[in-house]
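There are 2 protein chains.
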Amino acid sequence: MKLSVKTLPLKTERLSVVLNQDDAEDLGILPGDRVKILVGRESFIAEVETSTEIIKKGEIGLDTFTAESCNLNEQCKVEIHPVERPESVEFIRKKFEGKKYKKDEMKKIVSDIASNILNDIELAAFILANEIVGLDTDEIEWITWSMYESGERISFERGNVVDSSSIGSVLGNRYAMVTVPTVAAAGLLIPKTASRAITSASGTADTMEVLADVNLSVDEIKEIVEKVGGVIAWGGATNIAPADDKILRMEHQLGITSKACLISSLLAKKLGIGAKYVVVDIPISEEAKIENLDEGRNFASLFVEVGRRVGLKLSILISDGTQPLCKAVGPALEAREVLRAMENKEENELVEKGLEIASMLMEYGGIENSNALARKIFESGKTLEKFKEIIAAQGGDEKIKSEDIPVGEKRYTVNAGRGGIIQKISIKAINEIARAAGAPKDKGAGVYIHKKRGEVVKVGEPILTIYAEKDWKLDKAIEVARRENPIIVSGVVIEKMHLGRWYL
Amino acid sequence: MKLSVKTLPLKTERLSVVLNQDDAEDLGILPGDRVKILVGRESFIAEVETSTEIIKKGEIGLDTFTAESCNLNEQCKVEIHPVERPESVEFIRKKFEGKKYKKDEMKKIVSDIASNILNDIELAAFILANEIVGLDTDEIEWITWSMYESGERISFERGNVVDSSSIGSVLGNRYAMVTVPTVAAAGLLIPKTASRAITSASGTADTMEVLADVNLSVDEIKEIVEKVGGVIAWGGATNIAPADDKILRMEHQLGITSKACLISSLLAKKLGIGAKYVVVDIPISEEAKIENLDEGRNFASLFVEVGRRVGLKLSILISDGTQPLCKAVGPALEAREVLRAMENKEENELVEKGLEIASMLMEYGGIENSNALARKIFESGKTLEKFKEIIAAQGGDEKIKSEDIPVGEKRYTVNAGRGGIIQKISIKAINEIARAAGAPKDKGAGVYIHKKRGEVVKVGEPILTIYAEKDWKLDKAIEVARRENPIIVSGVVIEKMHLGRWYL
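In order, the protein sequence lines correspond to chains C and W.
For what it's worth, the working numbering labels the leading residue of the first sequence as 145, then goes sequentially.
For what it's worth, the working numbering labels the leading residue of the second sequence as 145, then goes sequentially.
Note that these hints are calculated values from the structure, not bench results.
A couple of the hints might just be wrong.
What the hints assert, rightly or not - Below are the DSS-like pairs computed for lysine-lysine, each with C-alpha atoms no more than 30 Å apart in a straight line:
id	chain 1	residue 1	chain 2	residue 2
1	C	244	W	420
2	C	595	C	554
3	W	244	W	403
4	C	201	W	585
5	C	238	W	390
6	W	201	C	614
7	W	433	W	596
8	W	420	W	457
9	C	150	W	243
10	C	614	W	200
Claimed, not checked - A few chain W residues that don't get close to chain C, going by computed Cβ distances all over 12 Å:
id	residue
11	162
12	213
13	246
14	484
We put the CB at the ideal spot given by N, CA and C, even for glycine.
Bound conformation, chain C alone:
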């Protein structure tokens, strides 16, 4: 069937066409089916939607993405033919029946996800079938290889390449900003690709972006690491393990966090940047992906085994995920906190974790006495020095000081209604407050926690400050703080409103 192109003021992420309902029926095509579009000698596979109003008989509607990808405009006529669904859809269907994937099938599925050949329904089916039926260790190994192979790769000619990642769900978990420069200062290569927040108040990439450019290509990452030993870049700007991002977004829509995907996407990215030794941080808390120590240990064993199979040496750090690691939550507040800790050589939890992981990586890299050495690098100011080199290499200001970092001007402090000991800090509530205040989009927005768990607080002392860039967002964040009760001080009074002020 020959059809005239009509462009539509829309942009999708996949090749798709809109056919007149009548034409579609003539071709025996239902919405969701695929057609082959013939354009000169080239052909494209696109998914069909149908319309009775927007597209007339004899027309084919293309959004701007599809029109540009296929190099078509309204002067063009195209020929279309119905085609079968991709093979990978049949492979996914076998999982519904409880069958195990074959290695090649997994490769095809992941490659079709990476190149947007599978649609959202099919991607959802893949994730759900895996989650409900389960994947065994072979299948997790294969999905890891497949994710790795479907994307770009970096390889370094020389040097020990190491890296670390957290499986997420702890706030203010910016240890990598201490680990990366410390490890690099010790002479190892650490090409860290970090993520941006999806539902949290800040990811390491968002926080690093306060100080430097994180949208780096694989070539830029390689060049920087070869020059200064380390980088903290946003993984999403590269094409390393590209199926990963799509799977994560669909998992969010489905409300699922699949352990198989956590393992495979983390390891595929490490393979992609050429790492040999990796430390995986598994924070545990009732509010986190891994709720307790037993679960953490089981998960760690699976992680190490899959790592072994794909040729990575893995260490695991099971860490406390019951409260934010930094006192700060939100991109600029965290960046300021990290820099201040380096400037003042503070002995806080952020530094403790950052150096612990650095020393594990250094030991892997053949460095003796790594624990003492990591501490020495930090205390001598070499961590800060290297961090500034990395910032400069990523196009940031190497003279930056913690006090220079602008944070939100709109502030509201919550004070303790009575004295006591901080009993519980809710990760979920703090996150919700910081996001309501504007984080991660408004870099200066977030929450500063004055007292962490176990600290003593007196009546009227500040326990948390909300930072925002806009009044309406500050108001929204205050509203969330009142509703959520994010910090619990021991005692009987839960909160009070008194003389026009509100106390937690």
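Based on the hints, put chain W in the right spot on chain C.
Here is chain W on its own, set in the frame of chain C:
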């Protein structure tokens, strides 16, 4: 956030809005999240997509469906707020973990499907979780009630209301066009709502539409049945069990045929039309939904038990699904075949099945000697007479004769390459040929099978004729026929091309 309405030249089936990416981030909203739109005193929940190009900051894009539903145009400004996902999404998520639904949860999910509150991803998740984890008899009972309660209902003040349905997947299965008038002639009420083809060459509604109007409302169905005793209407034109249609379309996209949904949607529709006694036809064949007798019997037990729980008395007919019931496949060809059988009082398989089911329903309805009576009604011409009354009541021509029905003018006959016995007729291949020829859209298109299984065929005798309304569709259908080898004649020669003609 206050936004100016921008209408988009698109039409969706659900309330949805497009926000500028930046505004969405300001509100902490991701694609797929929901917002509440405030319009005066009314409010609507819609799903969010984001765009960096089509929609500017401060604008909100609405497709024509959403704009009309919310009564908005480009002069309007609206206020929006993020809202949580519907509760029903959480209920579905529990199924991922293998939990059983509660009755109220099922009701909420089905009602949210019926009113388009769940999006496609969520609907897919519901279907997949049910399919993989499974539903027990309680849950199938509840989904049946829920489907029934989410839609319109018909009730008849007097009379025995009976009905019959097939679970599908046999071609030319038009027995109901014999059953309905026979049963109605015996004094029972039979308000049959039939389906249109989704992937088959014709549904009973498509075939009936050749003779009369099938797009009837529940009021029209009730009026016609009270007047003439029976009707054959398209179920999709009513709002009976409205979730059903959406579930079926998504099952097609996912390549799933869920038995739980087969049962619940069939029974919910029977409840909806007020039936008390129902015969369910379960065709078995390797190419059908139910592959063998054992499976058929198990499925039948479940069907009967769920029927009992929802207050329906069920009989089951396990029938031969290995070849088309009629020799004709395609709307007009089937309609002609049905009328011809009634006119000539033929003793073919269509009539045999139609009268068998009629007699089962009549027995349920308290009619003695139903078998002999059904045959008597048919042979005396009362079935045909009643059928014409029904056709007239549905706005058709009551003087219609089989020879008046126009069928496709473009024809191609495949002849037997050698003599032998017809061994196998592939339902799938015949269906594909008929669809390629244009069925069900082109009413006159389809396939006529000259010889059914077990019949003797001589060299050069016709074995099937393809009918089409357009040359290019006829060509496509011939191509499919050559590829698929739809009919196998016993012997060694498989096919031949000889002196410019092709023989099967």
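Each hint, compared with the structure:
Restraint check for residue 244 (chain C) and residue 420 (chain W): the C-alpha separation of about 45 Å exceeds 30 Å, so the hint is violated. Note on residue 595 (chain C) and residue 554 (chain C): the hinted pairing holds, with a Cα-Cα distance of about 21 Å set against a maximum of 30 Å. Note on residue 244 (chain W) and residue 403 (chain W): the hinted pairing holds, with a Cα-Cα distance of about 17 Å set against a maximum of 30 Å. With a C-alpha separation of about 15 Å, the suggested pairing of residue 201 (chain C) with residue 585 (chain W) holds against the 30 Å cut-off.
Between the alpha carbons of residue 238 (chain C) and residue 390 (chain W) the distance comes to roughly 23 Å, so the proposed pair stays at or under 30 Å and holds. With a CA separation close to 16 Å, the supplied pair residue 201 (chain W) and residue 614 (chain C) stays within the 30 Å bound. Among the hinted pairs, residue 433 (chain W) with residue 596 (chain W) is consistent with the structure: their alpha-carbon atoms are about 22 Å apart, no more than 30 Å. A distance of roughly 6 Å separates the Cα atoms of residue 420 (chain W) and residue 457 (chain W); the hinted pair therefore holds under the 30 Å criterion.
Between residue 150 (chain C) and residue 243 (chain W) the CA atoms are separated by roughly 48 Å; this puts the pair beyond 30 Å, and the hint is violated. Between residue 614 (chain C) and residue 200 (chain W) the alpha-carbon distance is near 20 Å, which keeps this suggested pair within the 30 Å criterion. Separation of residue 162 (chain W) from chain C is inadequate, the least Cβ-Cβ distance of about 9 Å not exceeding the 12 Å criterion. With a least beta-carbon separation of about 15 Å from chain C, residue 213 (chain W) lies farther than 12 Å from that chain, consistent with its non-interface assignment.
The Cβ of residue 246 (chain W) sits about 19 Å from the closest Cβ of chain C, beyond the 12 Å cut-off, so the non-interface label holds. No beta-carbon of chain C is positioned within 12 Å of the beta-carbon of residue 484 (chain W); the least distance is around 27 Å.
Checked against the numbered hints listed earlier, the structure breaks hints 1, 9 and 11; every other hint is satisfied.
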